Amino acid sequence: MSLPTMHGTARLIDDPELRFGAGSGKAVVRVRLAFNSRKKDKVTNEWVDGDTFFVDGKAFDQAAEHIAESLTRGMEVVVSGRLRTEKWESGQGEKRSAPALLIDAIGPSLARATAVVTKAPSAGGGQGQGREEYARARAQQGAVSAEDPWASDTPGTGGAPAGGGWGGGSQGGGYSEPPPF
269 MSLPTMHGTA RLIDDPELRF GAGSGKAVVR VRLAFNSRKK DKVTNEWVDG DTFFVDGKAF
329 DQAAEHIAES LTRGMEVVVS GRLRTEKWES GQGEKRSAPA LLIDAIGPSL ARATAVVTKA
389 PSAGGGQGQG REEYARARAQ QGAVSAEDPW ASDTPGTGGA PAGGGWGGGS QGGGYSEPPP
449 F
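In terms of my numbering, the sequence shown opens at residue 269 and continues consecutively.
Any given hint could be a false lead.
[As the list claims (entries may be wrong)] Pairs of lysine-lysine, DSSO-like flavour, derived with a Cα cap of 27 angstroms:
| id | residue 1 | residue 2 |
| --- | --- | --- |
| 1 | Lys355 | Lys326 |
| 2 | Lys308 | Lys363 |
| 3 | Lys387 | Lys294 |
| 4 | Lys355 | Lys308 |
| 5 | Lys363 | Lys326 |
| 6 | Lys294 | Lys326 |
Treat the hints as calculated values from the structure; they're not laboratory data.
Note that the coordinates shown come from a computational prediction; the quantities given were computed from them, not determined experimentally.
With these hints in hand, go ahead and build the complete structure from the sequences.
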């Protein structure tokens, strides 16, 4: 049996709390989320808050660091994860439990906001090297040619073709075929 999944739009009620494990050094982030069933009252034409479901979300490793760097209190986010029950004992010896969300994916909702996305370096591609050092090392090994349009992440110097992808033809290096949709 697997844990139930949950997908929805929520609001962060606090800034993400990033911590690192004492022994392992692994990053863990706690995100307090409020899912709200807000509806518009047809009589008064005003928004009315309905039931609210509060849950602590948790993510680990690189995702934890990305969440802590990217999200702040008050942001509306789209989140997907697996629900589980966390259990602990209080200082007075009482057994406690609460729902928790193991976050698989989370990001800002673009319904009423904009976002600038920056691709993060991959965790294991460069054997502990930063993105730039890894790209330089590959170029020195002859693995990447200067003409390779996918050799870097910066538009105009590689990465994606400067034409922006499908249908660019000879006007900037995009594909000459029609889009696949």
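Structure-based check of all given hints:
1. Lys355 - Lys326: Distance of about 15 angstroms is within 27 angstroms: holds.
2. Lys308 - Lys363: violated, 40 angstroms
3. Lys387 - Lys294: holds, 21 angstroms
4. Lys355 - Lys308: The given pair, whose Cα atoms are some 37 angstroms apart, is violated under the 27 angstroms limit.
5. Lys363 - Lys326: holds, 21 angstroms
6. Lys294 - Lys326: holds, 13 angstroms
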